[in-house]
Amino acid sequence: MESIIFYVFAAIVLSSALLVVATRNLVRSIFLFFITLFSMAGLFIFALADFVAITQIVIYVGGVLVLMIFAFLLSNKQILNDPEPLKSKIIGLHHLPGIFVSLLFFGIIIWSLTLANTDQLDWIASSGENTLKPSDNTTHYIGITLMTKYLLPFEVVSVFLLMALIGAAHLARKEREI
Amino acid sequence: MIPLSHFLFISATLFCIGIYAVLSKKNAIMVLIGIEFMLNAAILNFVAFGKYDKFNASGQVFALFAIVLAAAAVAVSLAIILNVYQYYKTIDPTRINKLKD
Amino acid sequence: METLTQDTISLLAIVAALMPLLSFAGILLVPGDRNRGSFFSILNISTSLVLSIIVFINVWNKPQLHQQIEWFTIGDWHFRVGILLNNLSALMLLLISFIATLVHIYSTKYMEGDPYIFRYWAYLGLFCFSMLGLVITDNLLLLYMFWELVGFSSYLLIGFWFTRDTAVQANKKAFIMNRLGDLGFLTGIMILFTQFQTLDINLLFGSGGFFEHARVQDGLWTFSSNNMNAVWLTVAGLAFFFGATAKSAQFPLHTWLPDAMEGPTSVSSLIHAATMVAAGVFLIARIYPVFNADVLLVIASIGAFTAFMAASIALTQNDIKRILAFSTISQLGFMMLAMGVGAVAPSIFHLVTHAFFKCLLFLAAGAVIHEMHHVKEEKGLDFDHQDIRFMGGLRKHMPITFATMLLASLALVGIPLTSGYLSKDAILIQSFEWSATQSAWAKIIPYSALFTSWLTAFYVARLVFKVFFGELRLNALFNQSFSLHEAPSAMKFVLIILALFCLFPVFSLNPLHYEHAWITEGLPYISGIARVNIFHTLIPATVNIAAVFLMYLAYKWYADNQKAPDFSGSPLFKFSQNLWYMDKLYKSVFVNGIVGLSKASFSFDKGVIDGIVNLFGSIGVVLASIACWFDRKVIDGLVNATATFSRTLGSFVRHFQTGRLQHYLLFMMLIVLSFFVFKYFSHAI
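Residue numbers (our numbering), protein chains in the order written: chain E, 1 to 178; chain F, 1 to 101; chain R, 1 to 685.
Don't read these hints as lab results, they were simulated from the structure.
Just to be clear, a hint being listed does not mean it is correct.
[To be verified] Distance condition first, Cα-Cα at most 30 angstroms in a straight line; then the derived BS3-like pairs of lysine-lysine: (1) LYS172(R) / LYS584(R); (2) LYS379(R) / LYS109(R); (3) LYS174(E) / LYS98(F); (4) LYS172(R) / LYS574(R); (5) LYS133(E) / LYS100(F); (6) LYS100(F) / LYS149(E); (7) LYS174(E) / LYS54(F); (8) LYS606(R) / LYS172(R); (9) LYS492(R) / LYS109(R); (10) LYS100(F) / LYS26(F); (11) LYS599(R) / LYS584(R); (12) LYS556(R) / LYS574(R); (13) LYS396(R) / LYS109(R); (14) LYS492(R) / LYS379(R); (15) LYS599(R) / LYS587(R); (16) LYS133(E) / LYS54(F); (17) LYS149(E) / LYS54(F); (18) LYS587(R) / LYS172(R).
[As the list claims (entries may be wrong)] Just a few of them, taken from the derived set where beta-carbon distance is under 10 angstroms, the chain E residues facing chain F: (19) MET68; (20) THR114; (21) SER127; (22) LEU171.
We put the beta carbon where it would ideally sit given N, CA and C, even for glycine.
Using the sequences and the hints given, assemble the complete structure.
Structure below.
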């Protein structure tokens with residue numbers, strides 16, 4: 001039962017991702033991205049990472065995506081203009097290098113995955129107690145490690161966020177005519 | 001439950017879709033979205049492996065940090081895109097080639 | 001006059017020869033008026049004459065005078081040159097200086113008004129010097145040098161009026177033909193030198209000389225230790241005769257003499273009548289022992305043939321000087337004929353008498369031409385002033401000229417009581433006597449000489465009657481009445497003196513017998529010819545009676561105008577009037593041949609030789625252009641190719657920097673992939 005739902009979520013992710021890149025209309029692709037991110041959260045749930053899933057929805061969807069939507073909805077009309085020429089083909093000539101490289105990447109990654117034989121990894125098989133169970137409270141563990149083990153990255157990230165905030169605000173300011 | 005390789009497969013697919021979006025989209029925001037795809041694929045990868053690390057929770061913590069950084073990146077990117085638009089009057093990356101030889 | 005020493009005599013002879021050279025050098029080297037030179041030249045030549053008389057008196061019939069100095073030495077061998085004065089040379093010396101003096105005096109009046117007369121005196125001086133030198137030298141080489149000088153001064157004098165094209169052509173022709181003969185002379189000299197190792201005339205030809213000791217036996221010409229094939233003796237003789245042929249205008253080298261009449265008449269009289277053309281005869285007399293019997297026969301035949309030919313041509317000529325020129329050729333033929341039959345003394349005798357009357361004929365003709373020219377200039381008419389068809393009845397206008405010319409003509413014909421009778425009949429009689437000892441074919445020679453004498457009578461009479469008798473045809477031509485003057489006194493004086501020498505008393509006290517003439521007694525007289533008494537009366541009678549008859553015929557035809565039968569249509573007449581077509585033959589064969597050869601060799605030189613050189617040049621150019629191409633395309637090409645390659649490579653690589661972000665990303669990913677692939681697959685392989 002769970003695997004069916006998982007595959008459904010996976011299918012939604014992949015199809016919406018494909019639609020994101022296939023759609024010419026920018027607004028539609030952003031909204032499809034929205035769907036992709038949601039489905040990604042669902043996948044996170046199946047990986048027993050509930051906190052990450054919620055964080056994804058809150059920050060990614062509620063923050064990043066909304067930011068993007070607001071950014072171009074409130075900007076000039078020309079930005080929204082579809083710079084892509086109206087071609088009937090999906091696979092135009094200038095798409096070919098991208099398709100080629102992505103397929104190549106895909107092939108190589110899949111091939112190395114098969115070589116790596118991830119289903120029979122030793123440290124996974126011998127992890128025993130370390131493997132998450134659905135009944136575990138991941139928040140508890142995340143919280144502890146965040147404050148003890150990963151304190152430095154936590155602080156650095158906060159400084160980083162400050163930098164990003166200041167930077168973005170400075171970059172996006174309006175020039176005052178003096 | 002769900003084998004690890006399935007997660008990895010999905011993440012690989014998503015990553016390649018993201019590559020495609022970065023390389024062949026004529027809108028800077030679409031390129032940004034492609035980057036987001038790639039980030040998401042990586043985050044999924046982390047989370048999938050994090051299932052086997054309960055006590056350190058390193059996979060999931062890393063995923064959290066990645067999400068945060070992605071957000072910051074998007075914010076700054078959008079600001080840059082706005083500035084680029086004001087200078088070049090276009091956000092088509094194919095038309096911004098002033099640094100060519 | 002007391003007997004002078006040998007040294008003095010030879011010195012006098014040398015000075016006599018050098019005086020005219022002084023006039024030549026003095027006039028040309030000392031600048032002055034254009035009309036200078038007449039007095040100076042006459043002074044010099046008269047001095048020569050006086051000295052020649054002294055020399056003659058001291059040398060005639062006295063032992064010969066031979067003085068030498070050393071010219072150069074080669075190793076042990078000494079070459080000596082000097083003077084040989086015997087009867088022959090003294091006689092010639094006197095003759096030449098005398099006639100030259102008279103011509104000088106004549107020229108003062110004849111050449112009056114000529115703008116560049118100083119050249120005339122200078123050239124005349126050069127000629128006299130070379131002629132006098134020719135007769136006194138004792139060495140064949142010096143004789144050859146003077147021979148050439150004489151030819152050269154003849155060239156200068158024929159072309160004296162060098163602005164006229166005909167004069168220039170004539171003097172070129174004369175000089176070239178003379179040079180041709182000089183080849184023969186030189187060949188003869190070389191053969192003699194090879195055999196005898198010396199060119200001393202006295203040593204070779206004198207009494208007791210080498211020629212007497214040389215033998216021709218069994219086909220070999222032997223002298224002391226030298227042996228040569230006997231044919232060389234004949235060749236030497238023929239070669240010397242060839243030289244004399246050119247100088248004395250014998251067949252086949254006679255065509256220059258009629259054309260030489262382009263020069264002034266006084267020059268024609270001196271050079272081409274009396275002296276220079278006699279040089280050939282003189283040479284033969286000087287070196288007489290060279291000729292063996294075959295060569296002598298050749299000489300006699302050619303002399304006879306030339307005499308006949310020239311006389312036949314003179315019958316139809318209309319130019320007064322040309323008639324006299326052919327007459328000269330004819331008389332020279334007589335002299336050669338005499339030499340050939342062995343009558344050396346009559347030949348020289350005839351040379352002397354011929355000098356006087358031929359010179360007189362020319363000078364008188366010159367007076368006539370001078371007057372006709374005067375008329376032409378005064379009235380501004382256009383006619384050939386030398387053509388006898390325009391003359392006539394001049395004896396009324398120019399009596400003295402007529403009288404002297406008549407006397408000279410009688411001497412030329414050989415009427416008794418003239419000097420010419422003595423010499424000419426001497427030749428005829430001797431030739432008949434000679435032919436009596438030869439085969440029947442030899443009789444052609446004296447009989448043709450006889451016939452030629454008759455032709456001589458006729459054409460001379462024609463000349464005299466046409467010029468001096470009848471009416472002046474010029475009047476009828478122009479419907480005017482012209483009057484001519486007598487010649488000026490200087491010319492008259494000379495004419496009269498020469499006329500005196502045409503009479504017999506100067507040469508012989510006996511008007512009818514030539515053997516007692518003092519000249520024949522002094523000259524070498526070949527006594528090998530048997531005397532046939534009947535000839536001594538028969539021949540003169542035959543000749544003179546027929547001559548008188550022919551002269552009467554000429555009188556009938558020419559003395560009154562328009563009475564002559566017209567032969568101009570007959571082929572013989574045309575043959576004679578066109579000079580036996582000799583000139584045309586020579587021109588078409590030799591002149592055109594040489595010109596064609598010269599053109600051919602020029603085109604060969606230009607085409608083939610220059611072509612080969614140019615070919616090498618162009619080969620060099622082609623090689624150079626190949627090297628240039630190679631250098632430019634291959635060597636430079638290599639260097640440029642390197643540069644172009646790096647540029648192309650650079651341009652190629654540059655195109656990767658498109659400035660487009662997605663391209664950069666694309667290439668980065670491709671590189672990463674390739675690294676990955678490479679690393680992974682190298683392990684797998």
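**Request:** Check each numbered hint from earlier against the structure, then list the numbers of those it violates in ascending order.
**Result:** 5, 6 and 7
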